[in-house]
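**Student:** So you can see what is in the structure, the chains are spelled out below.
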Amino acid sequence: MSASRLPYQSWRRLGANALPWLLPLLILGAWEYAARSGLLSTRVLPEPWAVVKAAWHLVQTGEMWANLKVSAGRAFAGLAIGGGLGLLLGLLTGLFVPAQVALDTTLQMLRNIPPLAMIPLVILWFGIDEGAKLFLVALGVFFPLYLNTFHGIRTVDRNLIEMARSYGLSGWRLYRDVILPGALPSILVGLRFSLGLMWVLLIVAETISSSSGIGYMTMNAREFLQTDVVLVGILLYALLGKIADVAAKGLERVCLRWHPSYQ
Amino acid sequence: MSAAVRTQLLRDSAPAGREQPVVGASVPTPDRNGLAVSIRGLEKHYGERQVLRGLSLDIARGSFVAIVGRSGCGKSTLLRIVAGLEQADGGRLEIGAASACPACEDRPEVRLMFQDARLLPWKSVIDNVRLGLPRSALPAARDALRDVGLEDREKDWPAALSGGQRQRVALARALVHRPQLLLLDEPLGALDALTRIEMHALIERLWREHGFTALLVTHDVQEAVALADRVVVIEEGAIGLDQALGLARPRARGSQEFAALENRVLTRVLQQHGVDPGAPATAAEQVDALRLEGVRWVI
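Chains as they are written, first to last, in the working numbering: chain A, 30 to 292; chain B, 5 to 303.
Just so you know, the hints here were simulated from the structure itself, not pulled from any lab data.
These numbers were taken from a predicted model, which means no experiment stands behind them.
Backbone N, C-alpha and C fix where the C-beta goes; we use that ideal spot for every residue, glycine too.
Incorrect hints may appear among the rest.
[Stated by the list, open to error] Pair by pair, the computed Cβ-Cβ distance ranges are:
1) B:S259 - A:W201: 51 to 57 Å
2) A:V229 - B:A163: 54 to 60 Å
3) A:T134 - B:G244: 48 to 54 Å
[To be verified] Here are the simulated DSS-like cross-link-like pairs (lysine-lysine), alpha carbons at most 30 Å apart as the crow flies:
4) B:K159 - A:K278
5) A:K278 - B:K127
6) A:K271 - A:K82
7) A:K278 - A:K98
8) A:K98 - A:K271
9) B:K127 - B:K159
Looking at chain B on its own, in the form it has when it is part of the complex:
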């Protein structure tokens, strides 16, 4: 851990962050209703290809964890396993107190936001938001839509919305269910830079207000550093770097600490498939030399 991060953590004086070996705990707020996630030795392979190799990760209640890695490193697979869309081949996954099994009746409220909004084009915005819910959920759906600032579009077809608006509807659809754990699978990957920054602010606000645990998979290091309490780099199916971010919120993207952390994570990601694996330090120096303020990194 770099000196900058350590001092930041001390200044924030996050108690959980210092006591536990898992450094990425959030600053707890009173109304947190998030779920803790515990992953132990997770294994997954598709045929011959091993995607996850004994991956272990603990996520504190109500924290915001970002998972970064190159394409094909297994980060999306991890998320899909946590979401219950895929089964692990080995290891243990615990969400909340109970072990997560699809047959369990009182499954913890876990919601997944996909890279594409996946709205049903033949249902109006409001009907998309209250998908799978009874008619009585209409007011809750309206509230969720207001939460993402689209209350005046409830009767529109999804085709009439922009990409960012569609993702906001998808976010509202997840929020109606009062998720305790929100999984975000590169939800902003297809959006333009300005819309992304707006979405960052929106997601951060909703996370603070609703108090869910957030697990974000992204290939955008800046996005990870802007949003998360903790950035986890996955390399070839296992954790390569576990970096706590003690940055105060709201985060100033131009600040030195922000840039230093972004640099550290990015260097690690680049190093793995780097041009010169024998000399990772050189690669780091090269990146350092670029003066990262204002530079946007998308791996």
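For reference, chain A alone in the conformation it holds in the complex:
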């Protein structure tokens, strides 16, 4: 009896694993069919196979790599500037009450301005070159990191700090051994929020105007009705976003391996 049950169970497991992929595959099949039979105009959507071919072509000409490098460079430069500032100011306001009194209210007010609402001003200030893109990305990633760093430091267990002080920890050692590790889970949450916003802002910034990058590649392709290249661009953004998220998760797993939820 068990012999007959075993294959059944493994079939079921296989089914459970395969089932979620059934719908995407069906959609892909239907899409390919509709495009080939002419139901779907290539101006609306190219056939999936054409997208693969366009991606391969872009890889071969080196365009993809060059544009990818530019876009990722912008994104991470913006993250470094905005996120770094957010982290720094969050540490400052979290650790020193005078800094909090002086800065926090202002920052909380500014936080309510959507970064994208700044686009007209940003164009006036920076024109349409690199500065504008970096500023937009930096502005967007600043607040999640600032808020979560501040919150993380403020919610470090007071009892742990009291204990550490009673064991003679103070100054830098208290920050290094107690306050920063205690705030780290919250800071990493802020980082993940920031990474999400980073790509959104980069896409918008690159779409407005640029002469390189994935946004440039897609906008250029739009001019020539190369919907397959546009789709490649969209997929690239998705891929970059996913990679950043996986990296952030990996960072959490390394930095928070002491945390019960990572054991």
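Once you have looked at the hints, place chain B on chain A.
**Tutor:** Only chain B this time, still in chain A's reference frame:
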């Protein structure tokens, strides 16, 4: 003092216990390195609320004193003042020979064990034990961990330990510093009954081996009677009862003397906020009638 206690003291023939007005002296052993504590007229208030009202208490070197009282009686505040975590508003506190002031360089080695273990979750067990110490203290930290029976868990995260194990790590963390005065602020309050009894034995053994002075705050009368040389009941910020325990160690929880002492302390604690303050004797009789052997009292 009850007759039972008096005879017990005589049988133990503790010399310091009989000569001094402070009856709670321990049986001295040769390697005692504990500190004496002298508290005179300690005052503390939080805003309007007076927590300690001129509390005076003398603790002999190397003795084990338990402080019992209801929630909010000021027992934890007293401990925190002795630990230097809070400042008294009045009175005098002397630990060892010198007057304890936070600015003093050669502060006596006083360590506090909290109700929660307060381990840093992002540091391994061994790193928690050697918190605030240089790298050279690693062997000492390992020794302390072996002392509490957790030498095989040194690389684990605190999250992987049980509540009792965490408290043992906290105990090891205090022991590394070779405390002369160990303050225990309801350290077993969150543990289950069996783990508590194990911890009682562990704390008693370490106290005997290391010879520190121990000051235990608890709301568990049985715990106090099981561990201490002397039980002090604090009522509304002052001492209500100062009861020496002449029980031999290790203590048999079921014994008649144990039960009688537990009863006496408990009656006093209950009496204070008792149902009928006019007739404390009645309350005592009621408790007596319960036959305290095996009954566990947690106030």
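**Student:** All the hints need checking, so say for each whether the structure fits it.
**Tutor:** Going through the hints against the structure:
1. B:S259 - A:W201: 51 to 57 Å: With Cβ atoms ~54 Å apart, the hint holds.
2. A:V229 - B:A163: 54 to 60 Å: violated (35 Å)
3. A:T134 - B:G244: 48 to 54 Å: holds (50 Å)
4. B:K159 - A:K278: Between B:K159 and A:K278 the Cα gap is close to 24 Å, so the pair holds against 30 Å.
5. A:K278 - B:K127: holds (21 Å)
6. A:K271 - A:K82: Given pair A:K271, A:K82 holds - Cα atoms ~22 Å apart, limit 30 Å.
7. A:K278 - A:K98: holds (22 Å)
8. A:K98 - A:K271: Judged against 30 Å, a Cα distance of about 16 Å means the pair holds.
9. B:K127 - B:K159: holds (9 Å)
Hint check: a violation occurs at hint 2 only; the rest are consistent with the structure.
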